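**Q** Residue numbers (our numbering), protein chains in the order written: chain A, 1 to 254; chain B, 1001 to 1226.
In case anyone wonders, no lab produced these hints; they're calculated from the structure. Since the model is a prediction, treat every value here as computed from it, not as a measurement. Just so it is clear, CB atoms sit at the ideal spot from N, CA and C, and this is done for glycine as well. Among the clues, some could well be false.
Unchecked claim - Estimated spans, in silico, between C-beta atoms of each pair: (1) ASP5/A - ALA1063/B: 55 to 61 Å; (2) SER74/A - TRP1136/B: 21 to 27 Å; (3) LYS15/A - LEU1084/B: 46 to 52 Å; (4) LYS15/A - TRP1136/B: 29 to 35 Å; (5) SER144/A - TYR1195/B: 53 to 59 Å; (6) VAL1015/B - GLU137/A: 52 to 58 Å; (7) ILE1200/B - SER144/A: 27 to 33 Å; (8) ASP1123/B - GLU227/A: 31 to 37 Å; (9) GLU137/A - SER1016/B: 54 to 60 Å; (10) ASP69/A - GLY1070/B: 42 to 48 Å; (11) ASP25/A - ASP1123/B: 26 to 32 Å.
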Amino acid sequence: MGDEDRPLLNIKELKKSFGDNLVLDGISFSLDTGQNKVIIGPSGTGKSTVLNCVNRLVVPDGGEIWLEDTEIVSCDNINEVRQEIGYVFQGFGLFHHLTALKNVMLGLTRVKKVPKKEAKEKAIAKLERVGLLDVLESYPAQLSGGQKQRVAIARALAMEPKLMLFDEPTSALDPELIGEVLNVMRKLAEEGMTMLVVTHEMGFARAVSDEIIFMEKGRIVEKSSPEKMFEQPENPRTREFLFKLDELYGKGGE
Amino acid sequence: MLEFLTEFMIIDIFVSNFGRLMSGLRFTLTLTFVVMFFGTIFGVLLALGRSYGIKPISWVCTAYIELIRGTPMLAQLFILYFALPAYGIRFSAVTVAYLGFTINCAAYQAEYTRGSLESVGADQYKSAYSLGMKRWQTILFVVLPQAIRWSIPAWTNEFIYILKYTSLAYIIGAPDLMTQGKFIASRNYQFFRVYFIAAIIYLVIVLISTWIIDKIEAKFKIPGFG
Ligand SMILES: Nc1ncnc2c1ncn2[C@@H]1O[C@H](COP(=O)(O)OP(=O)(O)OP(=O)(O)O)[C@@H](O)[C@H]1O
Ligand SMILES: [Mg+2]
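Using the sequences plus the hints, can you model the full thing?
**A** Here it is, written out as C-alpha cells:
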C-alpha cells in the first residue's frame, strides 16, 4: 500500500459511448474512505453507467478508475475487484430459487470459498444487521420490496466490500417501504461504509452525504456539499433540476 | 362395463396373455425411463450449448435441435433402422429404439430448457457478476437451477409423450407393449380386443404417472415458481 492520503475510489476522465450515443463525457471525482457521495441528475444522463463502469459491468471507452491501487478499467482480475465493491440496484437482482439466507450465502461459499457453516453464521449476522432475522427461510417471492432490497444489501455486505454502490435503491418501492431501506443505508453510512449513491431521495442526500454530484448529459455540472447545493446552487441548471425534484418528491428533509 | 368385458372376452384375453403383455409393458417403461434420463441430460447440454456456447458450438446445437424437431420421429426411426444399413451401419431394433427416441427427446427437452434459461432476468446476472461470480458460476449456480425448476412441467409432459410415442417402436419390431399386442393379435385374430387392452394399459400407466408427477412437482415447488 502506498500513500495513506489517496482516495479509496478515484475516477478520472471517464468516457463511454453506446454506438454514437455519447453517454459519459469525461467524468472525474473521488471518494475517500468513509465518505458518502450522492449522484443526482435527469433520466438518461449516465448515472447508472458511471456505477456500472466502476465494477466494469460496462467497459469504459476511456479514462481510469482506481480502487486504492488497482486500476479497474485495465485490471486482469476483475472478479476479485468486484468482490470489494458491493452493488445494490433498483431491480434487487435476488436469486429467485434461494431463500434470503441462501441468497446471502452464495457469494461467500461459491466466490470466497468460505466453509458452509461459517458462511451461514456470517450471512445470519448480515441479515440481522438489516433487520431480517425473521425471514431467513423466505423466498424472494414471499418478501416485500423493502425486504428484498435489504436482503440485497445484506448479500453485498457479506462480501465485506470496501465500497458500496447504490443505484436508485428505493425507486421500485412503494412509498411506505422506502424508509426501511434508507434507514439501513443511513446506519451503514454512520458505521463508516464508503458509499456512492444514485438517488432522488433528497432527505437522505441532505442528511447523509458529504457531497452531491449533479450530472447532466454525461458531464458533471456541479458538485458541492448538500448545504450549498440546496441553499445556493451555482449553476442555473442545478437550480432548475432541484426545483423539479421538489415538485416531484417534496422538499428534501424539510 | 363388466358385462362388456366378459362378453367380448377382454378379461380372458388379458389373463391368458398376461406374461407377454407385462413383458411388453416392462420394455416400454424401461425404454421410457432410459430415454427420459439421457434425453434430459443431453437436452440440458444442448440448451446450454445453444444459449451460452461459442458460435460454432451454438450453431451445431441449434442445427441439431431444429433438424430433429423439424422432421417426423417415424422418419428418424426409419433412417436409423432401414437406411443406415445401406451404409454398413447396422443396429438392432432395440438399439434403434433407445437411440432414436433419445435423439428425439433430447431435442425437445433442449427447447423447453432453453426457454427456461432465457426467462432468468438480466438483474440476476448483474448481481451475480457484482458478487465476483464468473460467467460459468453464474450459469451453474444461478441460472441453471432456476431453469430446471421452470422446466419440470414441460419435462414431465415430455415423459407422458415419450411413454405413448414409444409405441412407434412396433414399426421396427422392438418388443414394446404395442409389438407384443400385435404378436398376440396375429395369433388369436382378436385385433380390436387386443389393441383395446393395450390402450387401457397405456391409459392406466399414464394416469398413475400423472399422479406421481403431480406429487413430485408439489414437493419441488418453490414460492415464485410456476
Ligand atoms: N447497455 C446499453 N446499451 C445501449 N445504450 C445504453 C446502455 N445502457 C445505457 N444506455 C444509454 O445510455 C444513456 C444513459 O443511461 P443511464 O442508464 O446511465 O442513465 P441514468 O442517468 O441512470 O438514467 P435513469 O435516471 O433513467 O436511470 C441512456 O441514453 C441509455 O439509453
Ligand atoms: Mg439509472
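**Q** Which numbered conditions among the earlier hints are violated in the structure presented, ordered from lowest to highest?
**A** Violated hints (numbers, rising): 3, 7, 10; every other hint is consistent with the structure.
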